[in-house]
Amino acid sequence: MGQQRITRAECARVAALARLELTEEELERFTGQLDELLGHVAEVEALDVEGLAPTMHALPIANVLRPDVPGEVLDRDEVLARAPLAEDGQFRVPPVLGEAP
Amino acid sequence: MSDGALDKPGLGVPADTGWETVVGLEVHAELSTETKLFSASPNRFGGEPNTHIDPVSLGLPGSLPVLNQKAVELAIRVGLALNCGIRPSVFARKNYFYPDMPKDFQISQYDEPISVDGWLELPSGKRIGIERAHLEEDTGKTVHIGGAGRIHEAGYSLVDYNRAGVPLIEIVGRPELRSAEEARQYVAELRAILVAVGASDGKMEEGSLRVDCNVSVRPAGSDRLGTRCEIKNVNSLRSLGRAIEHEARRQIGLLAGGRPVEQQTRHWNEDEGRTHALRSKEEDHDYRYFPEPDLLPLDPSAEWVEEIRRELPPLPRDRRLRLGEAAPSADAGHIALAVERSLDGLALAAIGGGGLPERVMIHIVQNLAGGAGMLDAEALAGLAQMEEAGELTATQAKKVLAVLAESGGSPQDAARALGFEAMDSTELESMLDGLIAENPEEWSRFCEGDAKLTGFFVGQAMKATRGRADGKAVTQLLISRRG
Amino acid sequence: MTAVEISEAVRSGQRSARSVVDMSLSTIGAGEAEVHAFNLVAAEQALAQADEIDRMVAAGEDPGPLAGVPVALKDNLCTRGMGTTCSSRILEGWVPPYDATVVELLRNAGAVFVGKTNMDEFAMGSSTENSAFGPTRNPRDLSRVPGGSSGGSAAAVAAGFAPVALGSDTGGSIRQPAALCGVVGVKPTYGLVSRYGLVAFASSLDQIGPLAATVADSARVLDVISGPDARDSTSIGDPQPPVSATLGDGVDGLRVGVLAELSGDGIAPDVAARVRAAVGALEAAGARVAEASVPAAVYGLSAYYLIAQAEASSNLARYDGVRYGLRVDAPSTPGMNTATRSAGFGDEVKRRIMVGTYALSAGYYDAYYGRAQKVRTLIVDDFASAWEQFDLLVSPTSPTTAFSLGERTDDPMSMYMSDVCTVPVNLAGQAAMSVPYGVGDDGLPVGVQILAPALGEPVMFRAAAVLEASLQ
Ligand SMILES: [Mg+2]
Ligand SMILES: [Zn+2]
Chain X
20 MGQQRITRAE CARVAALARL ELTEEELERF TGQLDELLGH VAEVEALDVE GLAPTMHALP
80 IANVLRPDVP GEVLDRDEVL ARAPLAEDGQ FRVPPVLGEA P
Chain R
2 MSDGALDKPG LGVPADTGWE TVVGLEVHAE LSTETKLFSA SPNRFGGEPN THIDPVSLGL
62 PGSLPVLNQK AVELAIRVGL ALNCGIRPSV FARKNYFYPD MPKDFQISQY DEPISVDGWL
122 ELPSGKRIGI ERAHLEEDTG KTVHIGGAGR IHEAGYSLVD YNRAGVPLIE IVGRPELRSA
182 EEARQYVAEL RAILVAVGAS DGKMEEGSLR VDCNVSVRPA GSDRLGTRCE IKNVNSLRSL
242 GRAIEHEARR QIGLLAGGRP VEQQTRHWNE DEGRTHALRS KEEDHDYRYF PEPDLLPLDP
302 SAEWVEEIRR ELPPLPRDRR LRLGEAAPSA DAGHIALAVE RSLDGLALAA IGGGGLPERV
362 MIHIVQNLAG GAGMLDAEAL AGLAQMEEAG ELTATQAKKV LAVLAESGGS PQDAARALGF
422 EAMDSTELES MLDGLIAENP EEWSRFCEGD AKLTGFFVGQ AMKATRGRAD GKAVTQLLIS
482 RRG
Chain A
2 MTAVEISEAV RSGQRSARSV VDMSLSTIGA GEAEVHAFNL VAAEQALAQA DEIDRMVAAG
62 EDPGPLAGVP VALKDNLCTR GMGTTCSSRI LEGWVPPYDA TVVELLRNAG AVFVGKTNMD
122 EFAMGSSTEN SAFGPTRNPR DLSRVPGGSS GGSAAAVAAG FAPVALGSDT GGSIRQPAAL
182 CGVVGVKPTY GLVSRYGLVA FASSLDQIGP LAATVADSAR VLDVISGPDA RDSTSIGDPQ
242 PPVSATLGDG VDGLRVGVLA ELSGDGIAPD VAARVRAAVG ALEAAGARVA EASVPAAVYG
302 LSAYYLIAQA EASSNLARYD GVRYGLRVDA PSTPGMNTAT RSAGFGDEVK RRIMVGTYAL
362 SAGYYDAYYG RAQKVRTLIV DDFASAWEQF DLLVSPTSPT TAFSLGERTD DPMSMYMSDV
422 CTVPVNLAGQ AAMSVPYGVG DDGLPVGVQI LAPALGEPVM FRAAAVLEAS LQ
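Going line by line, the protein sequences match chains X, R and A. Here the first sequence is numbered in our numbering, starting from 20 and rising by one per residue. Here the second sequence is numbered in our numbering, starting from 2 and rising by one per residue. Here the third sequence is numbered in our numbering, starting from 2 and rising by one per residue.
Don't take every hint at face value.
What the hints assert, rightly or not - So the derived label-pair ranges between C-beta atoms look like this:
#: 1; chain 1: X; residue 1: Q22; chain 2: R; residue 2: L226; range: 37 to 43 Å
#: 2; chain 1: R; residue 1: P298; chain 2: A; residue 2: R256; range: 32 to 38 Å
#: 3; chain 1: X; residue 1: I80; chain 2: R; residue 2: G130; range: 30 to 36 Å
#: 4; chain 1: A; residue 1: D367; chain 2: R; residue 2: G208; range: 35 to 41 Å
#: 5; chain 1: X; residue 1: G90; chain 2: R; residue 2: P298; range: 20 to 26 Å
#: 6; chain 1: R; residue 1: P298; chain 2: X; residue 2: Q22; range: 37 to 43 Å
#: 7; chain 1: R; residue 1: L226; chain 2: X; residue 2: E69; range: 34 to 40 Å
#: 8; chain 1: X; residue 1: G108; chain 2: R; residue 2: G353; range: 23 to 29 Å
#: 9; chain 1: X; residue 1: T42; chain 2: A; residue 2: A291; range: 34 to 40 Å
#: 10; chain 1: A; residue 1: D382; chain 2: R; residue 2: S223; range: 30 to 36 Å
#: 11; chain 1: A; residue 1: G82; chain 2: X; residue 2: E69; range: 50 to 56 Å
Simulated from the structure, these hints should not be mistaken for laboratory data. Quick caveat: nothing in here was measured; it's all calculated off a predicted structure. Even for Gly, the Cβ is constructed at its ideal location relative to N, Cα and C.
Generate the whole structure from the sequences, applying the supplied hints.
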């Protein structure tokens, strides 16, 4: 496989960014699997893509716009009835700890 | 304009200590559309929580964004009004977790914004560069319950997604402002432009206009930028000035004391009149921007942009010039105020309709702070003419104006309804007879040439008629009686 | 009975929709315990829908081209009032407050929804073993996987539970299970079918398409679900001609290329043999056959894994325990997000979210995601050159026939290889379908993949019909 592409620490950092908590065993296993996978997909590194534009979409379409006309809204009670926790017509969450970044 | 912060002892590092303040502003304005940026639920301030929601603005699985044409049009108007180039643009996802963000990513324009490289001219004529103006969606609102509403002490939080997905334009100005006053003028001018082009209502108190200030200081004459702090929670023009002054003084205090300024985001506390550092959680902010795959590129045609440019209403700067020409004796501040209140059109029409510019401008500046209401230009011109002819006193005119603003109609009718008909001369004569009889001593002194007594008799006449008498007419009469 | 036969019988009043649905439900009742094709069987709702169809027929109204046809829906399609889980604990019990566009279209065409089919969690997998609710088994051999991620839909059709089903295909998730279960599976051109209401895996690659026992049935369903949709920005704005109309037009004179890169190494010999037989059948029907080359296709899998996972990592961020689905409580919102996601997602989903997060993160974007999008350009360009010479391309759908349950679960790389022939099509946004073409040495079905340029569905279906007929 050659040099390691992703370390355990990087794997842990990525998990935290994605709001996933891994057990020691999972961290170990995922690091190995991610490393193998990244080693495989790294074949794209060998390709000469200099000067090529990225393809975000296969569709050659632009400027899809919607008229500014109000449509239906969801029924709040129906939506909140399915929420994990609601109060006063709102979604209730534990303390958020800080402002949005 | 400086207040509060100036008086605080210890913070009083005056501006002549050889430091220069550098300010760059990021302004978020909610666009005045009927619906959200990417979905058809209403874009409306207030309302019961979570009633302006649809699958898209709630980030439900399977929902997809579709771009609002009106929002794009308004963004182009703003871009053009700020002298920006309108460019092909791409929406990107800015990924981070926060409960008021329904998808846990914000759709925003990142490296390819719709408008770039413009400028805004302050009333002083100084131009401030605009780096970019881009479209993005707003988040919902989180209310913190318990701990006096403070985020770190709250017991829990409640989330309302009514605002989620409301279209925003983020206008990023270059750090070319050099004082709190300039920053204040910049925001006032920007707000006037946004309102003038119909892009936003510009209400800072409702949060439809939000300003983040980047403030740094440096030795006067230096061309290097100092370490900046970003100040959030500035909710009025007044706070803006105060917050920048406070922050500049804080930084000068640090640097003057040999301590460095730390790059931070700081929160403006209006009640305490100071900024404080936000405890930023030790979390990695790696937004992982990438092009939003559910949306296609936006490339407004040159024809569309030109059409929008053609239909752009006159901008505040031009409107100030025009009103200034029509009312040459009015001071610049009053002209600016008339434009800021969007009363310049009314003023121009009233002046054009025969109202004396000075009288029209007095009403515009002093008596119509709440807006013109039902008052039309013809009525305002008529009112000014009645005053000029002595048919109404200034006090009466103000009352008539209030009626006209409230329910419209002609100033003649309103004056009559208020009982403000000018007294005829026989009525005035007999009243004067009475006054002379009651005050023989004063009358003889007046006749001997003591001009101060003119005021005495006019005052007595006003008192006797409860203000109905016209001072000018009384004076005329007094002089002719004296012979 | 095929869907076409059912709808004709129901529309003409020869047969009641209720009797059709009853039969479908009793077939499910008999076989579902072994196959486990469904996460939810909606018997009551289906019967009510059937009665409504019958009422319309009695009233002289036309219920539409799928009158009374039982349809199985992949469990990542939003159905108002009917649970939608994506086979994930994180969405268990979630009932969407709205219908996907395809669901609306099917309903309006008279289709009856018999249930929601099992799948790999969030469509991430190639065997339907990554379901939080247990694997689906291949009705042709219960010890084998049905393929995935639309394994439940393919199995439902193969087992005769419903004549047609809908699946979603991000990298082969319709075609590969169709091949492994011996049914027809169609991945339409990107944008032909609205994605509104399809729970996203990878937005720039996902497409909804039909699985059916016959080519004509899949054509009829495609005609119903395709078309412009103002709620999906990536929907193609112009209506396309129906594929059913030209189904019998044959392949005489068509230029057919045999895709070299996807037919060589790594393809099981028995699968390769069936593909050769299919090519022979097309040639016999008048097609001009030659070898074709799409050199960049071999990089498809790598580019696909980076792009799909990057998009998925962002698409799946919303499962945070705040608004819907599972919540595992914790003293803070970030903690609650983490606890919820850690408990709610299975291993494969976590692995892919991690890959995608990594591929987009600061310092790696250009090397991974950015580069993959450029490789995608290479693939698009190579296909474009091929389309200058060919009307259609042919390859195997899957390198092997159905493998055994558990055989590849411990080795993600070997599982990913199942998609090697199918992913290039998604990257290029083109159309492709898998048509069953006999069996391999193990007696299990082999699928032949027909590839067409964007919006080449009518011609693609003509070839599929020729292959189907050549087996009779
Ligand atoms: Mg910003
Ligand atoms: Zn912003």
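Here's how the hints hold up against the structure:
no.	hint	verdict
1	Q22(X) - L226(R): 37 to 43 Å	40 Å, holds
2	P298(R) - R256(A): 32 to 38 Å	33 Å, holds
3	I80(X) - G130(R): 30 to 36 Å	34 Å, holds
4	D367(A) - G208(R): 35 to 41 Å	37 Å, holds
5	G90(X) - P298(R): 20 to 26 Å	25 Å, holds
6	P298(R) - Q22(X): 37 to 43 Å	38 Å, holds
7	L226(R) - E69(X): 34 to 40 Å	35 Å, holds
8	G108(X) - G353(R): 23 to 29 Å	52 Å, violated
9	T42(X) - A291(A): 34 to 40 Å	54 Å, violated
10	D382(A) - S223(R): 30 to 36 Å	52 Å, violated
11	G82(A) - E69(X): 50 to 56 Å	53 Å, holds
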